[in-house]
Amino acid sequence: MKSITTEKNGTATFKIFRKDPSRDSEGRYDEFEVPVEEGMSVLDGVNYIVEHIDPTLSVRWNCKAARCGSCAAEINGYPKLMCKTHISDLPSQIKLDPMGAFPLVKDLVADVSSNFDIDRRIPGFSPRKTSEKPWVMYDIDVARSQEFRKCIECFLCQDVCHVVRDHSSKYIGPRHVVKAAALDMHPMDTADRSVLLTKEKGLGLCNVTKCCQEVCPEHIAITDNAIIPEKERAADKLYDPVLSLLDKFLNRTGKQGEK
Amino acid sequence: MEYDTYSCDVLILGSGGAGLRAALAALDSNCSVIIISKSLLGKAHTVMAEGGIAASVANVDTKDNWKVHFADTIIEGDYIGNWQMAEILAKEAPDAVYELERMGALFDRTQDGKIMQRAFGGHTYKRLCHVGDKTGLEIIRTLEDGILHRKAVIFDETLATTLTKDDESGRITGAVGLHMRSGRFAAFIAKSVVIATGGLGRIYKVTSNSWESTGDGIALAFKSGAELSDMEMVQFHPTGMVWPNAARGLLVTESVRGEGGLLYNSKGERFMLKYSPEKKELDARDVVARSIYYEIQKGNCTEHGGVYLDIMHKGPDFIKKKLPGMYTQFMEFANVDITKERMEVAPTVHYFMGGIRTDPESCMTNISGLFAAGEAASGLHGANRLGGNSLADILIFGRRAGTHAAEYAKQAEMPEIKSSTIISEIKRVKEFLADGRNEAGPYSLLDRLRDAMQQHLGIIREEKSMKEGLEKVRSIRSELKKVKTSGTTSFNHGLMECIALENMALLAECMFLSAIERKESRGAHTRSDYPKKSIKWKLNILCSNKSGSIKLSHSSLSLMPKELSEIIGEEHYN
Ligand SMILES: Cc1cc2nc3c(=O)[nH]c(=O)nc-3n(C[C@H](O)[C@H](O)[C@H](O)COP(=O)(O)OP(=O)(O)OC[C@H]3O[C@@H](n4cnc5c(N)ncnc54)[C@H](O)[C@@H]3O)c2cc1C
Ligand code: SF4
Ligand code: SF4
Numbered sequence: 063m064k065s066i067t068t069e070k071n072g073t074a075t076f077k078i079f080r081k082d083p084s085r086d087s088e089g090r091y092d093e094f095e096v097p098v099e100e101g102m103s104v105l106d107g108v109n110y111i112v113e114h115i116d117p118t119l120s121v122r123w124n125c126k127a128a129r130c131g132s133c134a135a136e137i138n139g140y141p142k143l144m145c146k147t148h149i150s151d152l153p154s155q156i157k158l159d160p161m162g163a164f165p166l167v168k169d170l171v172a173d174v175s176s177n178f179d180i181d182r183r184i185p186g187f188s189p190r191k192t193s194e195k196p197w198v199m200y201d202i203d204v205a206r207s208q209e210f211r212k213c214i215e216c217f218l219c220q221d222v223c224h225v226v227r228d229h230s231s232k233y234i235g236p237r238h239v240v241k242a243a244a245l246d247m248h249p250m251d252t253a254d255r256s257v258l259l260t261k262e263k264g265l266g267l268c269n270v271t272k273c274c275q276e277v278c279p280e281h282i283a284i285t286d287n288a289i290i291p292e293k294e295r296a297a298d299k300l301y302d303p304v305l306s307l308l309d310k311f312l313n314r315t316g317k318q319g320e321k
Numbered sequence: 022m023e024y025d026t027y028s029c030d031v032l033i034l035g036s037g038g039a040g041l042r043a044a045l046a047a048l049d050s051n052c053s054v055i056i057i058s059k060s061l062l063g064k065a066h067t068v069m070a071e072g073g074i075a076a077s078v079a080n081v082d083t084k085d086n087w088k089v090h091f092a093d094t095i096i097e098g099d100y101i102g103n104w105q106m107a108e109i110l111a112k113e114a115p116d117a118v119y120e121l122e123r124m125g126a127l128f129d130r131t132q133d134g135k136i137m138q139r140a141f142g143g144h145t146y147k148r149l150c151h152v153g154d155k156t157g158l159e160i161i162r163t164l165e166d167g168i169l170h171r172k173a174v175i176f177d178e179t180l181a182t183t184l185t186k187d188d189e190s191g192r193i194t195g196a197v198g199l200h201m202r203s204g205r206f207a208a209f210i211a212k213s214v215v216i217a218t219g220g221l222g223r224i225y226k227v228t229s230n231s232w233e234s235t236g237d238g239i240a241l242a243f244k245s246g247a248e249l250s251d252m253e254m255v256q257f258h259p260t261g262m263v264w265p266n267a268a269r270g271l272l273v274t275e276s277v278r279g280e281g282g283l284l285y286n287s288k289g290e291r292f293m294l295k296y297s298p299e300k301k302e303l304d305a306r307d308v309v310a311r312s313i314y315y316e317i318q319k320g321n322c323t324e325h326g327g328v329y330l331d332i333m334h335k336g337p338d339f340i341k342k343k344l345p346g347m348y349t350q351f352m353e354f355a356n357v358d359i360t361k362e363r364m365e366v367a368p369t370v371h372y373f374m375g376g377i378r379t380d381p382e383s384c385m386t387n388i389s390g391l392f393a394a395g396e397a398a399s400g401l402h403g404a405n406r407l408g409g410n411s412l413a414d415i416l417i418f419g420r421r422a423g424t425h426a427a428e429y430a431k432q433a434e435m436p437e438i439k440s441s442t443i444i445s446e447i448k449r450v451k452e453f454l455a456d457g458r459n460e461a462g463p464y465s466l467l468d469r470l471r472d473a474m475q476q477h478l479g480i481i482r483e484e485k486s487m488k489e490g491l492e493k494v495r496s497i498r499s500e501l502k503k504v505k506t507s508g509t510t511s512f513n514h515g516l517m518e519c520i521a522l523e524n525m526a527l528l529a530e531c532m533f534l535s536a537i538e539r540k541e542s543r544g545a546h547t548r549s550d551y552p553k554k555s556i557k558w559k560l561n562i563l564c565s566n567k568s569g570s571i572k573l574s575h576s577s578l579s580l581m582p583k584e585l586s587e588i589i590g591e592e593h594y595n
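Going down the list, the sequences are from chains A and B.
Converting from the first sequence to our numbering requires adding 62 to each position, the first position being numbered 1.
Converting from the second sequence to our numbering requires adding 21 to each position, the first position being numbered 1.
Since the hints were derived computationally from the structure, they do not count as laboratory data.
None of these values were measured; they are calculated from a predicted model.
Any given hint might turn out to be false.
[Stated by the list, open to error] Computed list of lysine-lysine pairs in BS3-like fashion (alpha-carbon distance at most 25 Å, straight line):
| hint | chain 1 | residue 1 | chain 2 | residue 2 |
| --- | --- | --- | --- | --- |
| 1 | B | Lys84 | A | Lys146 |
| 2 | A | Lys77 | A | Lys146 |
| 3 | A | Lys195 | B | Lys147 |
| 4 | A | Lys195 | B | Lys361 |
| 5 | B | Lys431 | A | Lys195 |
[Stated by the list, open to error] Listing some non-contacts, in silico: residues in chain B with all C-beta distances to chain A over 12 Å:
| hint | residue |
| --- | --- |
| 6 | Asn80 |
| 7 | Asp154 |
| 8 | Glu159 |
| 9 | His170 |
| 10 | Glu189 |
| 11 | Ser190 |
| 12 | Trp232 |
| 13 | Glu428 |
| 14 | Tyr464 |
| 15 | Ser570 |
| 16 | His575 |
[Said to hold, decoys possible] With the C-beta cut set under 8 Å, the calculated list includes, among others, these residues of chain B facing chain A:
| hint | residue |
| --- | --- |
| 17 | Leu61 |
| 18 | Gly63 |
| 19 | Glu120 |
| 20 | Leu127 |
| 21 | Lys155 |
| 22 | Leu169 |
| 23 | Val227 |
| 24 | Ser231 |
| 25 | Tyr296 |
| 26 | Pro298 |
| 27 | Thr506 |
| 28 | Gly508 |
| 29 | Ser511 |
Every residue gets a Cβ at the ideal spot worked out from N, C-alpha and C, and that includes glycine.
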């Protein structure tokens, strides 16, 4: 077995943002020296600090296996999961900040609860009425939606999106377009969310910079496969009156894979 | 002392598969529902489940049916699983899967458009419905989506610290909890309560379980008088990662073997041919875990103390399509490309068969109004859980617990929780906080506890060693009073670990006592001093709370009706 190269078996310096909004008006950075072992992740480093140096340092983590998406943070300015970022891949000074697009709970913990409120306002799964039981669907048709359903809700894409960061914008952000696309491209779903996304959820403000796609730890092609198709579908619906009337008339939703 | 008060018909502890499914069922019965959960919504341990959900939909092996699933469950549970639960599970699993599909879940498909199924250890037929190796995530997302569009009140990142009861009637009245983000305490008054807080893998050092799996709900139930059962039954998954250290214990899904992965020792021998000539790599987990353990003990281990698991012969395309999570997990955590290199694996603590004892039909405990489902409950899996049965368990018994808790709530009046009860609980929790910055904290005791479990209650057990372990746990429990940490009540890991440590140390004692009590080897419980299975021990060991101390008792199995016992055939002793 090959070994992970650690340039600096020794120590790393963690410079971590600290602020308890109920007590501090200003944030600060605290520095910690952490002994580094082979294969250690940034999250391991943070946990070392909590367990050995300062138990009051707040951090959110759960599975430590890149499957739950809890430990999102800005590592040297880049939005990443702490559990799968190796210390050996970073310079020996590691700066950690909470995701800046969200309100702060404390230290490295961001308040991401607004995302659930956004999800509540996206129409849920609306299956076609059919007597067919059980449903017949093919791999090729479920694959498109499955790509989006891999999302682990780390919200890193929300964090990196400059339109979301501009808090005055009404854009709901890439994660939620992925969510809408997962439902829209479900072979059995009958609703269409693209017009809602465009008219009310600010999808038009996204200027397809693809930054979201770059940070996604699940490698979901957010912009290419979710955002652009939703934009196009909305454009068809909104700007082609004949087609949209026909759709209504024929009860068509323009989904792939429907028979 | 300040706190918030909420009330509802049904209070649900936990937002894993069992908790969310219970919540949906209670909402379907028109009850008001509050969910409180230590983790953020959508992050519960269930998201890690990989291999799939067992249901005899018979899409791939058309001979499969509920009877075979029932027999597999009882046999692999080594005959001490609850047959009523196993019957319910085997019969209802297909519906549970199709119901999930109708809620929007997208399973992998067969060529003719049906739900795909894969082979898994201990299952006679290809039975596991799956989504690549992300089945748990699909379940959570589907249920989460359902719950977000319903009227449930969700307090996530909220830790239940105690259950409350009415002194006179003995019925449950709710819970007290701490909201981690705000640091505020709250009382949750409820007509009925469902515990769906999952397992306790974090009691051990090497585990596949997530941070929240500290057995809180099991401990809370015990303290309030609920009976626990099968506390000696811990499942070691045969294959966890061994290297790098930081990834030690992370699960290497059984699907790797299900899809054709083979096990070799450092001498290049395919040792499962020796230990299990028929079922080989796909024998039940306890058998494979013990085999790997023996190979490691014999010194036939790899550089990092494991054995090899090899899937390379299947080719890169197959591996990336069928095991995408494993491919990335090894790439990202160990820098190993499993399409070109072998994996190094060793057993890891994975699942807890024991837990709260419940009625098979209703999921109610011996405490009026208190229900439990999922990994926190016990009975179904007996001495060993079949892979894939847990995801079926959480959906089926989650739904039942929710429905019956709702029925109970409809007949019940809204109880009260005395403010003195709430205040004394808040005080108890705040006792863990001290002013000074350099407190010892919970971590050294946690380490000692985990070492004791790992060393004295592992895959192979023995009286003298277990007694040593028990003494260590008792001494840890006697030191709990001194444990203090610093900071405030808001998002304080040290504080949360103090609370969890107390719960885990209590459960550890129950586990040692039960394991010492069972003087035989059965299922996951293997003793070198009693290597044989004995008919005398065909029973369940219970733990109950006798004014603060742990009382053990035996519970004989209820008689299985003839039409069921005929399905499974005879149990053999030698
Ligand atoms: C890596 C891995 C792979 C697995 N693969 C499979 C598989 O393929 N098939 C299968 O059938 N099983 C599998 N399992 C097992 C299965 O995932 C679990 O047994 C199952 O998900 C447990 O679900 P649950 O709802 O009971 O609890 P969990 O999902 O553990 O949820 C527990 C919930 O309770 C909350 N909680 C805990 N304590 C408190 C407290 N004090 N107050 C409030 N809330 C609390 C937690 O935050 C969480 O929300 C796997 C397990 C692991 C670890
Ligand atoms: S592509 Fe759109 S959604 Fe993604 S980061 Fe750029 S602006 Fe934001
Ligand atoms: S789409 Fe990707 S980056 Fe965005 S929340 Fe989901 S997993 Fe994270």
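Hint check:
Of the pairs offered as hints, the one joining Lys84/B and Lys146/A is violated, with about 43 Å between alpha carbons and a cut-off of 25 Å exceeded. As the CA atoms of Lys77/A and Lys146/A are separated by approximately 19 Å, the hinted pair is consistent with the 25 Å bound. For the suggested pair Lys195/A and Lys147/B, the alpha carbons sit about 21 Å apart, so the restraint of at most 25 Å is met. Annotation: proposed proximity of Lys195/A to Lys361/B is violated, straight-line Cα distance about 42 Å (limit 25 Å).
Under the criterion of a C-alpha separation no larger than 25 Å, the hint pairing Lys431/B with Lys195/A is inconsistent with the structure, at around 33 Å. A cut-off of 12 Å between C-beta atoms contradicts the statement that Asn80/B is not in contact with chain A; the least separation is 9 Å. At roughly 10 Å, the least C-beta separation between Asp154/B and chain A is not larger than 12 Å, which violates its mark as non-interface. Under the 12 Å C-beta cut-off, the non-interface status given to Glu159/B relative to chain A is violated; the minimum distance is some 6 Å.
Listed as a non-interface residue, His170/B fails to keep its Cβ farther than 12 Å from every Cβ of chain A; the least gap is roughly 4 Å. Once the 12 Å rule is applied to beta carbons, Glu189/B is consistent with being away from chain A; the minimum gap is 39 Å. Its beta-carbon lying about 37 Å from the closest one in chain A, Ser190/B satisfies the requirement of being farther than 12 Å from that chain. Under the 12 Å C-beta cut-off, the non-interface status given to Trp232/B relative to chain A is violated; the minimum distance is some 5 Å.
Under the 12 Å C-beta cut-off, the non-interface status given to Glu428/B relative to chain A holds; the minimum distance is some 26 Å. With a least CB separation of 5 Å from chain A, Tyr464/B falls inside the 12 Å interface cut-off, contrary to its annotation. With 12 Å as the threshold on Cβ separation, the claim that Ser570/B sits away from chain A holds: the shortest Cβ distance comes to roughly 31 Å. At roughly 37 Å, the least C-beta separation between His575/B and chain A is larger than 12 Å, which holds for a residue marked as non-interface.
Evaluation of the Leu61/B hint against chain A yields a held restraint, the C-beta minimum of about 6 Å falling below 8 Å. Hint status for Gly63/B: holds, given a least beta-carbon distance of 5 Å to chain A, under 8 Å. Violation of the interface hint for Glu120/B is found here, the shortest Cβ-Cβ separation to chain A being roughly 10 Å, above the 8 Å cut-off. With a cut of 8 Å, the hint placing Leu127/B at the interface with chain A holds, because the nearest CB-to-CB distance is about 5 Å.
Given hint, Lys155/B at the interface with chain A, holds; its Cβ is 6 Å from that chain's nearest Cβ, closer than 8 Å. The criterion of a C-beta within 8 Å of any C-beta in chain A is met by Leu169/B, whose closest approach is roughly 5 Å, and the hint holds. For Val227/B, the interface hint is violated, since its Cβ never comes within 8 Å of a Cβ in chain A; the closest pair sits about 13 Å apart. Taking 8 Å as the C-beta contact cut-off toward chain A, the hint placing Ser231/B at the interface holds, the least distance being around 4 Å.
For Tyr296/B, the suggested interface contact is broken, since its CB lies about 24 Å from the closest CB of chain A, more than 8 Å. Interface hint at Pro298/B: violated, since its Cβ lies 29 Å from the closest Cβ of chain A, which is beyond the 8 Å cut-off. With a least beta-carbon distance of about 5 Å to chain A, the hint placing Thr506/B at the interface is held under the 8 Å criterion. Hint on Gly508/B holds. Least Cβ distance to chain A is approximately 3 Å, under the 8 Å limit.
Contact between Ser511/B and chain A, as hinted, is supported at the beta carbon level, the nearest pair being about 6 Å apart and thus within 8 Å.
Consistency with the previously given hints fails for numbers 1, 4, 5, 6, 7, 8, 9, 12, 14, 19, 23, 25 and 26, ordered from lowest to highest.
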